[in-house]
Amino acid sequence: MTFPTKIAVLLRDDLAVWQRLNVTAFVVSGIAGTQPELLGADYADADGTPYLPMFGQPVLVFEGGPAVLAAAHARAVQRGLACAVFTEELFKTGNDEDNRAAVRAVASAELNLAGMAVHGPKNAVDKILKGARLHG
1 MTFPTKIAVL LRDDLAVWQR LNVTAFVVSG IAGTQPELLG ADYADADGTP YLPMFGQPVL
61 VFEGGPAVLA AAHARAVQRG LACAVFTEEL FKTGNDEDNR AAVRAVASAE LNLAGMAVHG
121 PKNAVDKILK GARLHG
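Here the sequence shown stands for residues 1 to 136, numbered as in this note's numbering.
Just so you know, these hints were derived from the structure itself, not from any lab. Take these hints with a grain of salt, some might be off.
Said to hold, decoys possible - Straight line, CA to CA, 30 Å or less: simulated DSSO-like cross-link-like pairs of lysine-lysine:
{"hint": "1", "residue 1": "6", "residue 2": "122"}
{"hint": "2", "residue 1": "130", "residue 2": "6"}
{"hint": "3", "residue 1": "6", "residue 2": "127"}
As the list claims (entries may be wrong) - Label pairs and their calculated CB-CB ranges:
{"hint": "4", "residue 1": "49", "residue 2": "78", "range": "22 to 30 Å"}
{"hint": "5", "residue 1": "81", "residue 2": "110", "range": "14 to 22 Å"}
{"hint": "6", "residue 1": "91", "residue 2": "48", "range": "33 to 41 Å"}
{"hint": "7", "residue 1": "65", "residue 2": "36", "range": "32 to 40 Å"}
{"hint": "8", "residue 1": "46", "residue 2": "82", "range": "34 to 42 Å"}
{"hint": "9", "residue 1": "34", "residue 2": "93", "range": "17 to 25 Å"}
{"hint": "10", "residue 1": "37", "residue 2": "92", "range": "16 to 24 Å"}
{"hint": "11", "residue 1": "48", "residue 2": "77", "range": "41 to 49 Å"}
Please read all numbers here as calculations on a predicted model, not as lab measurements. Every residue gets a Cβ at the ideal spot worked out from N, C-alpha and C, and that includes glycine.
Given these sequences and hints, build the entire structure.
Rendered as structure tokens:
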């Protein structure tokens, strides 16, 4: 099945495994929280135990160096695609208010990005991710 849109996460390639997982969890929550139409129906097992819905399409995870991440972020902003960002400073904060303050304190072009998530038309997201490679 093909989808007209793409959900993608781009991670900085020098992050520790726990950081990659943490960043991914945080940035995809921004997509899910603002675009609930991307969520499928609730799940249930054979016993009828209910589970929360998840995205109805794949989430592709990419990686790249700091320059690739900065370029992807700039292209997303230029194209007007909303994205979620996770900066290096957020590894040192402990709550949402401090997280938002840490991002607000830095100009867009100067953000020290650890990762980002973006959703949009497939072709647009592919262009934003130019230079990134699938996480492996």
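We went through each hint and held it up to the structure:
1. Annotation: proposed proximity of residue 6 to residue 122 holds, straight-line Cα distance about 5 Å (limit 30 Å).
2. Taken as a hint, the residue 130 and residue 6 pair is honoured in the structure, with Cα atoms around 14 Å apart against an allowance of 30 Å.
3. The hinted pair formed by residue 6 and residue 127 meets the criterion: a straight-line CA distance of about 11 Å does not exceed 30 Å.
4. In this structure the supplied range 22 to 30 Å is violated for residue 49 paired with residue 78, their Cβ-Cβ distance being about 45 Å.
5. The hinted window of 14 to 22 Å between residue 81 and residue 110 holds, with their beta carbons roughly 20 Å apart.
6. Checked against the given bound of 33 to 41 Å, the beta carbons of residue 91 and residue 48, roughly 40 Å apart, stay inside it.
7. Between residue 65 and residue 36, the C-beta spacing of about 33 Å keeps the proposed range 32 to 40 Å intact.
8. A C-beta distance of roughly 38 Å is found between residue 46 and residue 82, which places it inside the suggested range of 34 to 42 Å.
9. Separated by about 21 Å at the C-beta atoms, residue 34 and residue 93 satisfy the suggested range of 17 to 25 Å.
10. For residue 37 paired with residue 92, a C-beta distance near 34 Å fails the hint of 16 to 24 Å.
11. In this structure the supplied range 41 to 49 Å holds for residue 48 paired with residue 77, their Cβ-Cβ distance being about 45 Å.
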